[in-house]
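Peer 1: For the record, the sequence lines run as chains A and B.
Using this note's numbering, the first residue of the first sequence is number 383, and each one after it goes up by one.
Using this note's numbering, the first residue of the second sequence is number 383, and each one after it goes up by one.
These aren't lab readings, by the way, just hints derived from the structure by calculation.
Worth double-checking, as some hints may not be accurate.
Here's a subset of chain A near chain B, in silico, CB distances under 10 Å, partners left out [to be verified]: (1) Asn429; (2) Asp431; (3) Tyr432; (4) Met433; (5) Arg435; (6) Asn840; (7) Pro861; (8) Phe924; (9) Asp925; (10) Arg931; (11) Lys933; (12) Ala937; (13) Ser940.
Note that the coordinates shown come from a computational prediction; the quantities given were computed from them, not determined experimentally.
Ideal Cβ positions, reconstructed from N, Cα and C, are used throughout, including at glycine.
Number of protein chains: 2
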Amino acid sequence: MDDAWALTEPAFDVAHAKAYEGLFTLGSGYLHVRGSLEEHLHDAPQNADYMRRPTNTTAEKFPEPKVKWGAFVPGVYGNHPLLNQEMVNLPYFLELTPYVDGEKLDMEASAVEAYRRTLHLDTAALTRSLRWQTRHGAAVAVRFERFISAARPHLCLQRITLESDRDITVELHAGIDTDVRTSGYDHLRDVMLTPLGENGVACNLVTDYGDAAHIVTRIYAGAAERAYVDAGRAARWIIQAPLTAGEPVEIEKRTAVATSQDAEAVNPIALLVESEALSYEALYAEHAAVWRARWEQTDVVIEGDAAAQLKLRAALYHLMRAHPGDSRCAIGPKGYAGDAYRGCYFWDTEIYMLPFFLYTDPARARMLTDFRIHTLPGAQANAARYGYEGAKYPWESDRAGNECCAQWQYADHEVHVTADVVYGMAHYARAAGDAGYLRGPAAPVILEAARYWMQRLNRRAGDQHFSLLGVMGPDEYAPLTNNNSYTNRMVVFALETASEVAAAAHEHEMFKQLAGALPIVGTEDGLVLQCEDFEAFAEPEFDAFWPDRDKPFAAQVSQERLYRTKALKQADVILLMMLFPHEFSAEEIRLAWDYYLPLTTHDSSLSAGVHAVVAARLGLMDEAVQFWQRSLDLDTDVTHGGASEGIHVAAAGLNWQIVVFGFGGVHTAMQADVLTLTPRLPANWTRLAFPFVWKGAPLYVDIRPGAVHIANRGSRPLDVRVGDRAATIPAGDAVTLESRHGSSST
Amino acid sequence: MDDAWALTEPAFDVAHAKAYEGLFTLGSGYLHVRGSLEEHLHDAPQNADYMRRPTNTTAEKFPEPKVKWGAFVPGVYGNHPLLNQEMVNLPYFLELTPYVDGEKLDMEASAVEAYRRTLHLDTAALTRSLRWQTRHGAAVAVRFERFISAARPHLCLQRITLESDRDITVELHAGIDTDVRTSGYDHLRDVMLTPLGENGVACNLVTDYGDAAHIVTRIYAGAAERAYVDAGRAARWIIQAPLTAGEPVEIEKRTAVATSQDAEAVNPIALLVESEALSYEALYAEHAAVWRARWEQTDVVIEGDAAAQLKLRAALYHLMRAHPGDSRCAIGPKGYAGDAYRGCYFWDTEIYMLPFFLYTDPARARMLTDFRIHTLPGAQANAARYGYEGAKYPWESDRAGNECCAQWQYADHEVHVTADVVYGMAHYARAAGDAGYLRGPAAPVILEAARYWMQRLNRRAGDQHFSLLGVMGPDEYAPLTNNNSYTNRMVVFALETASEVAAAAHEHEMFKQLAGALPIVGTEDGLVLQCEDFEAFAEPEFDAFWPDRDKPFAAQVSQERLYRTKALKQADVILLMMLFPHEFSAEEIRLAWDYYLPLTTHDSSLSAGVHAVVAARLGLMDEAVQFWQRSLDLDTDVTHGGASEGIHVAAAGLNWQIVVFGFGGVHTAMQADVLTLTPRLPANWTRLAFPFVWKGAPLYVDIRPGAVHIANRGSRPLDVRVGDRAATIPAGDAVTLESRHGSSST
């Protein structure tokens, strides 16, 4: 095991338990399980009821257990009485708890030594080993292993290996617990738990949304004595496993999950039985092979910063894991590693996560953009609810495109998502070289979105231009503003795209005219303003109102103050400039940077990454590296909560963008037609290398200070530019180009 | 009975049943009961559960029964799980239902003739008479009477008189039904219903807020046979009353209500027993005497428009009825005649209702301003919740000054209420000539409010003035604006008042400086703008988006559209000019009138009245009369829903202001130090006369076209001005002054 691939928990600390639980989430795209301890902790109830309300989410307080179970299948929903649809936390099926002489293994209470838990990023497997000194004097070596099979995505495999220094009997508890909640709410109905043969538990249930789930688990403990225990909303087998001193014993647990939302109906019992033809090792080997192939398509090599290398791989691991491999869903905002944001789909998909897939695995990227095609009817219904024709994509989408956001300021006013959707489709079409996509399958979305914008725009008396009024941009601390620059630019893009796609001449012309008539507002000095009258907001007075910089600003001031100050959750103009760098001069970008940075709280986890990309382009390498570290640490820094509530998977997508678009200096297909790189490596980096797919051509980019080596692994010649040098790389060949900015310092 | 005092329902129409139920609400200040039919209607369940949510209230849909019971004691609350505290609908105790041969009297199903129901405004009593042709052939004359005693405010008296054309037995059902809801929610706990002697029912309960209520009812039916029926959440006596042909029989029901919120603990059984010493007629006489005295203090005589005369009296009746006579409460927004707006206290008190009491019954006016003194601790806690020092009065207040509003845009941003409170106190002090009030009992409120404003104001870079940012004015269709003119002016007033009251020199100076530094924004043409950048809102396009002008605009467009257009719920600038007419030239007022009127939806029931006052002052008499009619009709026009959800009691207060300040042309004590009138009677009016108290001096003002007669009923000489004529009226004397604008036409 290479340390560059191993995320390790070196010792158990209950204060970090939830953070590791999120960070160590395993998943097959179809099925995801948080990295909970097989034996659980004491005093950490998972069935506490509380009612979340559609109030200020930043300031919300609710019970915080030491750990939080989570088992998710994308697209399986419950109906929250106040918050609309939400992804359901399914029953917990990891239980595999050893007892010796009545003593339960307990990370807080037991005498445990040599603890080590590792998420193996290369093979998407979790292992934990420890030595347990029981109260009755036995020293028991315990090793847990598990993975969710990438080859058989419905299947979770677990193994426990026990070895004692004396003859003892271990009692193992293993079953399914349905007494779980989703953000404090019980969505599970008609729960049935039944024994299955001599070693299994079958669980059937229906959510209050009407989705059915079938979970079957079996424990493989040879001839050991056992008993089935029906514990109400839980059921388990209790197994007596005799251990002979010095002789290791392995016991397996295999779980299969199926739901009514599966693309094809599967029988979980049949899946289990089928798997029984193969050993744990054989199943692991076929699983690892899938992941090996994934990493060949995606791995980014960083030399000169081993910690960043590992953290970036963690990000890519979670991006790949969380992709559902099914265009009827997208990637949940916490990467199916927690129930925060209720599992709904945001603009994160198009702007933050899509590029990673676009340039490493275009087919999976297309699933994400196709998701918006599938949910067009929902977006049309949503527009109609507001009295509009066309399609208004929901701020928080379920699998049907329903608006799930219960807070009107976002649902009504954060309208940019409908333009972001079109941007994502165009990005797919350009990056993948799939010219027919926009006029073909994506056209209804693009046209319906444009028809919505037509009605959403106003032309005020006295204005020569149109306006987008009453808008919240990505900076959610300015709820109702006029002509938000980011939103306007994205809408212009969406209208231009629609004009190109429109078959009807009058629509072609109308969309084109509107696209030309939306302003980007700025000052006379050339400062791009976030919105009209941005300067009419109050100064944020951070020194007075933000005493604890380790916690979000929004958690320390009232929403009322937030909404009247210039404090930014993230900087819309910097994001605009990240996406459209070629439309602004370096001076304009620097002016915006200097103006907005002191106002930006970075309360959004997406803020740091955007700033890192733009800082790298500005040559502000110290700042770029600081923001990059900050973005990388979001999930991995367990001391600050990390992934407790789930993976910041959009930030994970940004981490890839920072390294490839920022330090690698790759211009996206939205920014250049010819593959263009302007690398700017951090001072201590000696190498940055990654595979990359450009308009269907697979490449390998290998950047070292002063030189860029590009291998064309495709079947056609490829034009490239590095700085002001251009080359054409024949198919199967490679080229090395000098790079002035290959390394830089400030 | 004079028709000028009788509000009559000439025939029963179920479509108007709920409107009359609200309009015919009786009350003693302490206890209020909607004008429900004693026998109820069929298929009108009063126990339907539904969960109101803090969403767009205008667009809210919930079950609408044909009628809606309502029994309210001001200050008795329940805890709504989503909407915070709300006034509780107490058990229904009016039941007095006749059956003949198994046929229930039913206004929809029975053969009923000669129906007539009358609210006697002079005596605050409700009577209903009808002839009931039973299916078995009897003709039964039925007369219901009831009143809530103004002399014994805990007591509701009912009487039914029955007379048949043949010998029959009438079965009467009479009891208490606790299976009621408040806006679909059941707040009643620990309900106990027990028989009381041979003719009573005692009901005890506790609300989920912890308030206790004790209701005792007794039926006085002589020696008639009877049985007590326990029907779960209801209990009643069933009485067999033999009727001899041609001989009327009277049966009474008396109910006493007490709660844990009573100023002094009373025993409801003792109250009943005490009342039994007096006949119905004697109790009625003492009750009517109280009302006679009230009307002597308040009645406004209009000659020339009998319909307006009656409707205005209905307004004054409800204002007097709804005043709790207890400074621990104020007047609920629906006048304790419905549970809409959850019974919470708004700025309505200070701006719309207070003047009626100020100038007719200053002692009761002071109870309303003292309410804000009592709730200062709540306002301080509310400010602290936002991180402010001082006092921030809640947008929707319960008896303790807690913020009950569950929608952040109002609770956080509609801040003018805290200035309105100070304005109300100053208005009381000036109108009542109670100079010590502001520096005395009101001072803590005034100073704490100013300390809040100090922190709420911003000074933006580049501005010479301070600003109030992120504010919703009374026009609730513009949720977050800067320097709202109405709010700024009221805050200036509050700060000036605080400066006068401040004992500490630094506060005196600080408040004064701040007061001088808040702008009223306007255009170069002299148009006062509702707020900065008001012109940046979109045109409302009413022709396209407001197809049904009979229904509110807000019910026909999305809140999203509402929030980005110039459409006004009510016109803040016109309200500003109603309160501060002396600060604007006639041209400025006319300019504002012409600009805002086409933008104003009058969706607020308070809009028409404000426009009527300002129109009268502008001499726009046709418009003034139209708006006056519209305001008068709010409760009395049953065909448009009228008082279904309760009395528009703030509009009732405005109706008095229209007639006295608008047509009577009285300048308030906030506008003039000497009593000044500029009457402008509608063209068809031959007389307008009303009692009036000016700085402690009781007067009688009698306006006829061309002349104003003022009688000084006080003990000191009084200076008056009518137009440009001035006089001093000796104590006990009267004067008649010519009035140029005594009658006017446009």
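Peer 1: Give a verdict on every hint.
Peer 2: Each hint tested on the structure:
1. Checking A/Asn429 against chain B by beta carbon gives a least distance of about 21 Å; that is not within 10 Å, so the hint is violated.
2. Against a cut-off of 10 Å between C-beta atoms, the interface hint on A/Asp431 is violated, since the closest Cβ of chain B lies about 13 Å away.
3. The restraint placing A/Tyr432 at the interface with chain B is violated, with a minimum CB-CB distance near 12 Å, outside the 10 Å limit.
4. Taking 10 Å as the C-beta cut-off, the interface hint given for A/Met433 holds, the closest approach to chain B being about 8 Å.
5. For A/Arg435, the interface hint holds, since its Cβ comes within 10 Å of a Cβ in chain B; the closest pair sits about 7 Å apart.
6. This hint holds: A/Asn840 has a C-beta 4 Å from the nearest C-beta of chain B, less than the 10 Å allowed.
7. For A/Pro861, the shortest C-beta to C-beta distance to chain B is roughly 7 Å, which falls under 10 Å, so the interface hint holds.
8. Hint on A/Phe924 is violated. Least Cβ distance to chain B is approximately 14 Å, over the 10 Å limit.
9. Checking A/Asp925 against chain B: minimum C-beta separation of about 15 Å lies over 10 Å; hint violated.
10. Taken as an interface hint, A/Arg931 does not check out: its beta carbon lies about 17 Å from the nearest beta carbon of chain B, beyond 10 Å.
11. A hinted interface residue such as A/Lys933 counts as satisfied when its beta carbon comes closer than 10 Å to some beta carbon of chain B; here the least separation is about 15 Å, so the hint is violated.
12. Checking A/Ala937 against chain B by beta carbon gives a least distance of about 12 Å; that is not within 10 Å, so the hint is violated.
13. The interface hint given for A/Ser940 holds, since its Cβ lies 4 Å from the closest Cβ of chain B, which is under the 10 Å cut-off.
Hint compliance for this structure: hints 1, 2, 3, 8, 9, 10, 11 and 12 are broken, all remaining hints hold.
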